[in-house]
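Undergrad: Residue strings, one per chain:
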Amino acid sequence: MTRRPEPDPEVGAAVADAHRREWAFVLAATARVARDIDVAEECVQDAYVAALAAWSRQGIPRNPGAWLTTTARRRALDAQRRDRTLRAKLPLLIEPDSQAGPAGAPAAAGEAADPEEDVIADDRLRLVFTCCHPALAREAQVALTLRLVCGVTTAETAQAFLVTEPTMAARVTRAKKKISAARIPYRVPGPAELPDRLDAVLTVIHLLYTTGHTAPAGSDLVRGDLVERAIGLARMLRELMPDEPEVRGLLALLLLTDARRATRADADGRLLLLEEQDRSRWDRVAIDEGIGLVTGTLRGRYGPAGGAGLGRPGRFVLQAAIAAVHAEAASYGETDWPQLLQLYGELQKAWPTPVVALNRAVVHAMVAGPEAGLADIEGVERDGRLAGYRYLPAAKADLLRRLGRHQDAARAYRTALDLTDNDAERAFLVRRITEVSARPADGE
Amino acid sequence: MTEYLILIYERESGYAEGGPAVWEEVGKAHGRFAEQVGEKGGKIVGGNALQPTATATSIRSDVVTDGPFAETKEALGGYYLIEARDLDHALEIAKLCPAPFGGVEVRPIMNMSGT
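Protein chains in written order, with the working numbering: chain A, 2 to 445; chain B, 2 to 116.
Wrong hints could be hidden among the right ones.
Claimed, not checked - Okay, the calculated beta carbon distance ranges per label pair: (1) B:E106 <-> A:E240: 35 to 41 Å; (2) B:S59 <-> A:R85: 16 to 22 Å; (3) A:E290 <-> B:R108: 34 to 40 Å; (4) B:R33 <-> A:G191: 21 to 27 Å; (5) B:G39 <-> A:P167: 52 to 58 Å.
Claimed, not checked - Here are the computed lysine-lysine pairs in the DSS-like style, where the Cα-Cα straight-line distance is at most 27 Å: (6) B:K44 <-> A:K178; (7) A:K179 <-> B:K96; (8) B:K41 <-> B:K74; (9) B:K96 <-> A:K350; (10) B:K29 <-> A:K178; (11) B:K41 <-> A:K179.
Hints listed in this document are in silico derivations from the structure and should not be mistaken for laboratory results. Idealized CB from N, CA, C, for every residue including glycine.
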């Protein structure tokens with residue numbers, strides 16, 4: 002053990018802050034020099050440890066990210082000089098910048114052969130697109146993004162996804178091996194591939210958010226840290242690709258959904274529906290930012306991402322617009338249901354999935370009555386792809402309840418109950434079953 | 002450049018039912034594919050079509066049995082060995098590879114000489 006000076010709490014906080022803010026930048030820039038993700042990760046870890054001592058001695062640098070990057074890159078070069086076997090390994094494929102870069106993305110500096118050059122190329126987009134490469138399984142994309150882009154430890158990542166640490170470690174290792182062995186390039190995809198590739202990145206960030214927002218099991222409805230990470234990633238992407246409507250759409254969607262976080266459950270952790278939530282406690286700052294983003298996007302050119310043609314908004318923009326309609330309504334009763342129905346219609350065109358059809362059915366019921374919605378839901382049921390999706394029987398039960406078909410409603414609520422492990426959601430369903438079971442017989 | 006194997010997996014019944022017309026059509030498509038690989042900046046190092054799985058013989062622990070190694074709906078029917086810059090380049094090429102009754106799998110070749 003080396004003797005270290007007493008850690009200064011201010012320095013500790015600065016290092017922690019730099020970890021949260023600069024990790025992706027430092028790792029992305031170091032990977033370019035190290036040409037190996039594992040080596041880059043190690044060097045970046047070392048740089049953060051070194052920062053603790055160095056900043057205590059010399060003071061906190063004006064640009065912590067640049068300090069960390071320079072330190073990590075130097076270590077990477079030293080490691081390469083020391084370790085010849087590194088050069089025998091398959092190096093990370095760094096493509097020249099001229100081949101990369103979507104329209105509108107800030108132009109990165111040229112190939113950084115000199116790690117001590119003043120301007121360090123911002124390689125965060127390369128890192129994100131490599132982590133979310135379609136040749137990697139979705140769960141590997143998610144694990145790599147958390148680990149490499151957010152700097153979250155394997156232990157924490159494992160906890161967030163309810164798997165053991167060795168399982169998560171193996172998942173990350175397999176994915177890194179594939180990047181190297183299959184030669185997945187370290188680059189931002191060209192314009193032709195960009196829509197599909199960007200969609201994968203947005204899907205991963207959204208998945209991180211939803212995993213945090215509704216923990217699949219256990220007692221916490223919101224796993225706050227994952228939610229923060231997802232919003233942070235969406236903000237980073239917005240900064241790096243400011244002209245991509247779907248990127249704005251995703252950030253808006255996350256902000257608008259998260260604005261309701263504090264009201265999703267009551268003091269006892271009981272799940273509250275949109276209609277029961279205290280709208281005065283919604284986060285107005287987040288809502289305003291979200292609405293600003295989505296308004297600009299609906300007015301501006303529409304992105305090709307999400308499979309929609311030019312001139313049509315993509316799925317994230319439309320989902321954000323839907324969330325904005327909810328956020329703008331002063332009360333549940335004042336919700337603009339016809340506008341929602343129209344937006345869901347658009348969404349179904351841009352993103353024809355049974356989940357969208359189910360949501361549209363619920364809105365259809367608000368516009369045209371529960372019977373119309375129920376007919377739609379039965380259509381989704383016949384489609385079969387949502388078998389096992391707990392929100393289908395839950396939505397169906399709700400419409401049956403409103404039609405006074407209490408026995409049918411109770412049966413559907415029980416089906417939903419069998420499909421969920423989330424304690425807050427289970428409590429809600431049990432409450433509903435008790436309510437409808439206490440009502441008079443069907444048709445009353 | 003890295004070498005990749007493009008494995009073509011298809012339902013054999015597609016060809017059995019389609020007859021000579023399908024054979025001719027797919028054969029032409031493979032001819033076009035060979036030209037396209039060069040245009041894309043890749044290179045075909047080798048490749049062949051295989052006889053159907055009915056002609057396959059498998060050996061496992063010295064026991065010889067008739068039939069393919071694994072029974073699947075879509076069987077390995079042919080392959081190309083190509084050279085490409087990276088996986089994205091290889092996938093761009095593989096997307097052009099005809100496989101009307103199935104799809105293709107892309108596998109990097111393990112480099113044994115570099116170690």
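Undergrad: Each of the hints needs a verdict: does it hold here or not?
TA: Results for each hint:
Against the hinted window of 35 to 41 Å, the Cβ-Cβ separation of E106 of chain B and E240 of chain A comes to about 38 Å, which satisfies the hint. Taking 16 to 22 Å as the suggested C-beta distance range, the pair S59 of chain B and R85 of chain A does not conform, at roughly 43 Å. Here the CB-CB span from E290 of chain A to R108 of chain B is close to 46 Å, at odds with the stated 34 to 40 Å. Range check, R33 of chain B to G191 of chain A: about 23 Å between beta-carbon atoms, so the 21 to 27 Å window is met.
Taken as a hint, the range 52 to 58 Å is violated for the pair G39 of chain B and P167 of chain A, whose Cβ atoms sit roughly 46 Å apart. With a C-alpha separation of about 25 Å, the suggested pair K44 of chain B and K178 of chain A falls inside the 27 Å cut-off, and the hint holds. With a C-alpha separation of about 20 Å, the suggested pair K179 of chain A and K96 of chain B falls inside the 27 Å cut-off, and the hint holds. For the suggested pair K41 of chain B and K74 of chain B, the alpha carbons sit about 32 Å apart, so the restraint of at most 27 Å is broken.
Distance hint between K96 of chain B and K350 of chain A is fulfilled; the C-alpha atoms sit about 26 Å from each other, no more than 27 Å. Only pairs whose Cα atoms come within 27 Å are accepted, and K29 of chain B paired with K178 of chain A is rejected, the gap being roughly 37 Å. Taken as a hint, the K41 of chain B and K179 of chain A pair is honoured in the structure, with Cα atoms around 24 Å apart against an allowance of 27 Å.
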